[in-house]
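**Student:** Each chain, written out:
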Amino acid sequence: MRVMSQMAMVMNLDKCIGCHTCSVTCKQVWTNRSGAEHVWFNNVETRPGQGYPRTYEDQEKWKGGWTLTKRGRLKLKAGGRLKNLMTIFAAPNMPGIKDYYEPWTYDYDNLTTAPAQKHMPVARPKSLLTGQDTKITWSSNWDDDLAGSTQNTHNDPILKQVGDKIKFEYEQTFMFYLPRICEHCLNPSCVSSCPTGAIYKREEDGIVLVDQDRCRGWRQCVGGCPYKKMYFNHKTGKVEKCTFCYPRIEIGQPTICSETCVGRLRYLGLMLYDADKVLEAASTTDEHGLYEAQRNVFLDPRDPEVIREARLAGIPDDWVEAAQRSPIWALINEFKVALPLHPEYRTMPMVWYIPPLSPVVDAVGETGEDPEHQGNLFAAIDKLRIPIEYLAGLFTAGDTVPVDRVLRKLAAMRSYMRDINMGREPDESIAASVGMTGQQVQDMYRLLAIAKYEERYVIPAAHYEDAHKLENIATECSLDVEGGPGMGGMGGMDDSFGSDPGGGGPDVPGRPEGVRINLLNWNGQGTPTGLFPGTPPATGGTP
Amino acid sequence: MNNGWEVFLWLIFPYICLTVFVLGHIWRYRYDKFGWTSRSSQMYESSILRWANPMFHFGILAVFLGHVMGLGIPKTWTDAVGISDGAYHFMAISVGAVAGVFTIVGFIGLLYRRRFTKAVMGATTVMDKIMYLVLGIVIVGGLVNTASGVVGHYNYREGVSVWFRSIFYFNPQPELMVGAPLSFQFHAIAAIALFALWPFTRLVHVFTAPVGYLFRPYVLYRSRDAHEGSRAHRRGWDKVDTIPRRPK
Numbered sequence: 055m056r057v058m059s060q061m062a063m064v065m066n067l068d069k070c071i072g073c074h075t076c077s078v079t080c081k082q083v084w085t086n087r088s089g090a091e092h093v094w095f096n097n098v099e100t101r102p103g104q105g106y107p108r109t110y111e112d113q114e115k116w117k118g119g120w121t122l123t124k125r126g127r128l129k130l131k132a133g134g135r136l137k138n139l140m141t142i143f144a145a146p147n148m149p150g151i152k153d154y155y156e157p158w159t160y161d162y163d164n165l166t167t168a169p170a171q172k173h174m175p176v177a178r179p180k181s182l183l184t185g186q187d188t189k190i191t192w193s194s195n196w197d198d199d200l201a202g203s204t205q206n207t208h209n210d211p212i213l214k215q216v217g218d219k220i221k222f223e224y225e226q227t228f229m230f231y232l233p234r235i236c237e238h239c240l241n242p243s244c245v246s247s248c249p250t251g252a253i254y255k256r257e258e259d260g261i262v263l264v265d266q267d268r269c270r271g272w273r274q275c276v277g278g279c280p281y282k283k284m285y286f287n288h289k290t291g292k293v294e295k296c297t298f299c300y301p302r303i304e305i306g307q308p309t310i311c312s313e314t315c316v317g318r319l320r321y322l323g324l325m326l327y328d329a330d331k332v333l334e335a336a337s338t339t340d341e342h343g344l345y346e347a348q349r350n351v352f353l354d355p356r357d358p359e360v361i362r363e364a365r366l367a368g369i370p371d372d373w374v375e376a377a378q379r380s381p382i383w384a385l386i387n388e389f390k391v392a393l394p395l396h397p398e399y400r401t402m403p404m405v406w407y408i409p410p411l412s413p414v415v416d417a418v419g420e421t422g423e424d425p426e427h428q429g430n431l432f433a434a435i436d437k438l439r440i441p442i443e444y445l446a447g448l449f450t451a452g453d454t455v456p457v458d459r460v461l462r463k464l465a466a467m468r469s470y471m472r473d474i475n476m477g478r479e480p481d482e483s484i485a486a487s488v489g490m491t492g493q494q495v496q497d498m499y500r501l502l503a504i505a506k507y508e509e510r511y512v513i514p515a516a517h518y519e520d521a522h523k524l525e526n527i528a529t530e531c532s533l534d535v536e537g538g539p540g541m542g543g544m545g546g547m548d549d550s551f552g553s554d555p556g557g558g559g560p561d562v563p564g565r566p567e568g569v570r571i572n573l574l575n576w577n578g579q580g581t582p583t584g585l586f587p588g589t590p591p592a593t594g595g596t597p
Numbered sequence: 142m143n144n145g146w147e148v149f150l151w152l153i154f155p156y157i158c159l160t161v162f163v164l165g166h167i168w169r170y171r172y173d174k175f176g177w178t179s180r181s182s183q184m185y186e187s188s189i190l191r192w193a194n195p196m197f198h199f200g201i202l203a204v205f206l207g208h209v210m211g212l213g214i215p216k217t218w219t220d221a222v223g224i225s226d227g228a229y230h231f232m233a234i235s236v237g238a239v240a241g242v243f244t245i246v247g248f249i250g251l252l253y254r255r256r257f258t259k260a261v262m263g264a265t266t267v268m269d270k271i272m273y274l275v276l277g278i279v280i281v282g283g284l285v286n287t288a289s290g291v292v293g294h295y296n297y298r299e300g301v302s303v304w305f306r307s308i309f310y311f312n313p314q315p316e317l318m319v320g321a322p323l324s325f326q327f328h329a330i331a332a333i334a335l336f337a338l339w340p341f342t343r344l345v346h347v348f349t350a351p352v353g354y355l356f357r358p359y360v361l362y363r364s365r366d367a368h369e370g371s372r373a374h375r376r377g378w379d380k381v382d383t384i385p386r387r388p389k
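Chains as they are written, first to last, in the working numbering: chain A, 55 to 597; chain B, 142 to 389.
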C-alpha cells in the first residue's frame, strides 16, 4: 500500500443553475490575458450539447485518454511513445482555434472617433488573431440553454451513443448544466503524453500542473487530455491548465470557482488513495467496472491501517483528519451518490458529479402528478430511460445501474424529507427501499442541502507553517455594507472567514445609526451631520 | 596566409560566431526559460503545416546527419573500412538530394502558410523573419553544393571538412577554404552566421528535443516548490502584488 492524498471536487448537478459565475471568476483570476482568450479552465456546458471545445468527447476523433491493448495493457489512445515523438512536428489530434472559437474584440474606438454622420457609429467585431473584421460564428457557450439545438445538438457525441430516441421538440426536451474543470486525474494522460516531462502531479495534493519554464510547446498533451482541459496559449507557445487554484488551496481556501459558486454545489476535500492500485484499476477490462474499480482505489481514512500507512508515507496528521471529514469521501464512498465523469477514458478523474434528478422531477411535475412522491419518482426513473441512458453515457460508461441507484437515492431523500418538513412521521420504508437508514438519509440531506461553508470545503492548509495567516484580500463583496444591496452578509459562511485574521483590532468609529448623508443635496458649505465618523452627532445617540 | 579578409572570414568570424552560439545558449537558458519554445502556430493553421512541417523537419534531420558524416568523419576512416570515393559520393549525393528536396519543399510550404495565413503572419516576429531569410539561404546554398557535386570535381572532404574539424582542434587551417569553390564558401559563411543567430531565435527548441520521453515513467510526481512566492521575478511571469500597497 502506498498512500497518497488527492484534493478532489464533487459537484451536485441538481443545484447548478447555469449562471457561469464560476467561469467568469475563474477567467478573471487566471486567463484574462492575450493568447488565452479561448482558455476556460472552468466552463459550463449545457447538456445535451457539443461541449467545449466542440465534440471533445468523441475520442474516435480526438484520441484522448487511454485505451486497452489486445493484451489488456494500458496504452495512450493517441499511440505509444515512439509515435508520440514521430508526430511531434504536427500534433495529429490537436483542436484548431476554430474548434474553440476565434477570439475577438470590438472596435470601440470607432464609437468616439467616428465623424458626424447620419447613422449611429457601430463597434464592429474584430478578430484578435488577424486584427481584421470578423464574423462571430461560435464561442464557448454558443449552444447555452440548448440555443440552436436543432442545428447543433445532434453533434453531441453522448447523444449519438444514446441513439435517435431524443427528439428536440421543446415539450420533450430535458436539459441540465455540466460545469467542468480539469479532472486532476490519478492516471493523467496529459502528464503521460508530455514529451518534455513539464507536466507533473504534485505529491502532496495530487494537483496537476504545467511547469511553464519547462514546457516547450510540443502540444501532445492537448490531444492527450480526453477532457480537452489542456489549452495551448497561442501567444506564449506554452500550454496552460486549471491549477485547482493551488495558491488558495495551500492556505486552506476553496478554489475560486467553488468560492463564487452561486448554487453552492461544489464540494472540496481530500481523498486518500492507494497509488499502487491505480494502474490495475485503470486497466479494468470491462468499462462498466471502471467506476467500482476507481472507488476501490480510495482508502478509508478511518481505517487504522490506512492511518498508520499514511503516517509512514509522510502525510501529516491534520491531513488525515481532514480526509476523515472530507465531504468527497462521504459523497463517493459512504452515500455513493457521486459518479466520475467519463470513467471510460481510464484516466481516473477526481472531479466527480452527483447526477441531476431534476429532469425526472420536471417530467413528473408536467404530468400533474406529485413530483415528490416516492412512487411517482421511482416509476418515472423506470420509465424515463432517455435521460438516464444519457447520464450513464456521461458518468458510468453507459451502465445505467449506478445512475439508477443514485437517482433513486435522491428521489427517496426528497420523499423522506418531505414528510419531515410537513410535520409528518418519517416513513422508514422509503429509506429502506434504497438501502439506507433514516439517519443516513438525514445526514445525506444535510450534506447536500444545507452544508455550511466549512462542511463543503474541508481543506487542510499546506505545511508552509503560518502561511494560512496570510490575509485574504478582496474576498468580501464591496456591496456588503449596512443597507447595501449585498447586506445579506456572508450567508452560510463561517463567521470567522473573511474577518480580520489577526483577530480583534481597534474599533473603527462608525457613523451614527439612522443618519444618511445625501451629498447631492449638500451645498458645499459647512459639514453635514455624520459626514465624518467620530464627529458628535446632532441627532441620534452615540453608536 | 596572405589576405586579411580571408583570415577574418575563415578564422575570426567562425570563432566569434561559435562563441556567441555557446554563450548565447547558456544565457538564454538561464534567463529566458519561459521563452524557450518552438512557438507553434498549429492552432491557427494546420492543413499545410500537417505535411510541410514533418517534411521540413525530417528532411533537415537527415541533412544534419549527412553533415555529421561529411564534415565529422575524416576521409581516412571511410577509406580504412574500404568505402571507395565513388560509392561514398553516390550515396552522399543521392541521399543528400532526397533530404534536401524534402527540406526545401517543406520549407516553402511553411513559408507560404506563414506569409499568407493572416493569423500566422501576425504572430511572426522580426527575429523570425531574419532567421527564415538566413535559414533559406543556407538551405538553398546546400542544395546548390549537392547539385554541383554531380558535375564538379571539388572533393569537400579534402577541403571544407578538414577546415571545419580544424576549428574544433584549435588548429585552424583557413587556407583550405580559400581554395574552395564560391558556392561552398557562401554556404559555409551563411551557416556560420545562422549559428550566431541561433540562440536568439525559436531555433533553440532543437536543443530540448524530448528524447528522454522514451525512457521515463508515464506519470511524473513532483513535490511542492518550497519557495513559491518568494523567488525572483522572471520573464513571462506577472508579479503577484498587483494590488497597490498602501503607504504606511
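No lab work stands behind these hints, which were simulated from the structure alone.
On a predicted model such as this, the values are computed, not experimentally measured, just so you know.
Idealized CB from N, CA, C, for every residue including glycine.
Careful: at least some of the hints might be erroneous.
[What the hints assert, rightly or not] Straight-line Cα separation of at most 25 Å, SDA-like style, residue types lysine to any residue; simulated pairs:
#1 K390/A x E334/A
#2 K137/A x K216/B
#3 K174/B x Y254/A
#4 K289/A x K216/B
#5 K137/A x I330/B
#6 K390/A x R349/A
#7 K216/B x Y310/B
#8 K189/A x Y310/B
#9 K129/A x L139/A
#10 K129/A x P351/B
#11 K214/A x H342/A
#12 K259/B x R349/A
#13 K289/A x I249/B
[What the hints assert, rightly or not] In silico negatives: residues of chain A with every beta carbon more than 10 Å from chain B:
#14 I142
#15 S181
#16 Q496
**Student:** Now look at each hint and say whether the structure bears it out.
**Tutor:** Here's how the hints hold up against the structure:
no. : hint            : verdict
1   : K390/A x E334/A : holds (22 Å)
2   : K137/A x K216/B : violated (36 Å)
3   : K174/B x Y254/A : holds (17 Å)
4   : K289/A x K216/B : violated (47 Å)
5   : K137/A x I330/B : violated (37 Å)
6   : K390/A x R349/A : holds (9 Å)
7   : K216/B x Y310/B : holds (17 Å)
8   : K189/A x Y310/B : violated (61 Å)
9   : K129/A x L139/A : holds (15 Å)
10  : K129/A x P351/B : holds (19 Å)
11  : K214/A x H342/A : holds (19 Å)
12  : K259/B x R349/A : violated (50 Å)
13  : K289/A x I249/B : holds (24 Å)
14  : I142            : violated (7 Å)
15  : S181            : violated (8 Å)
16  : Q496            : holds (39 Å)
Checked against the numbered hints given earlier, the structure breaks hints 2, 4, 5, 8, 12, 14 and 15 and satisfies all the rest.
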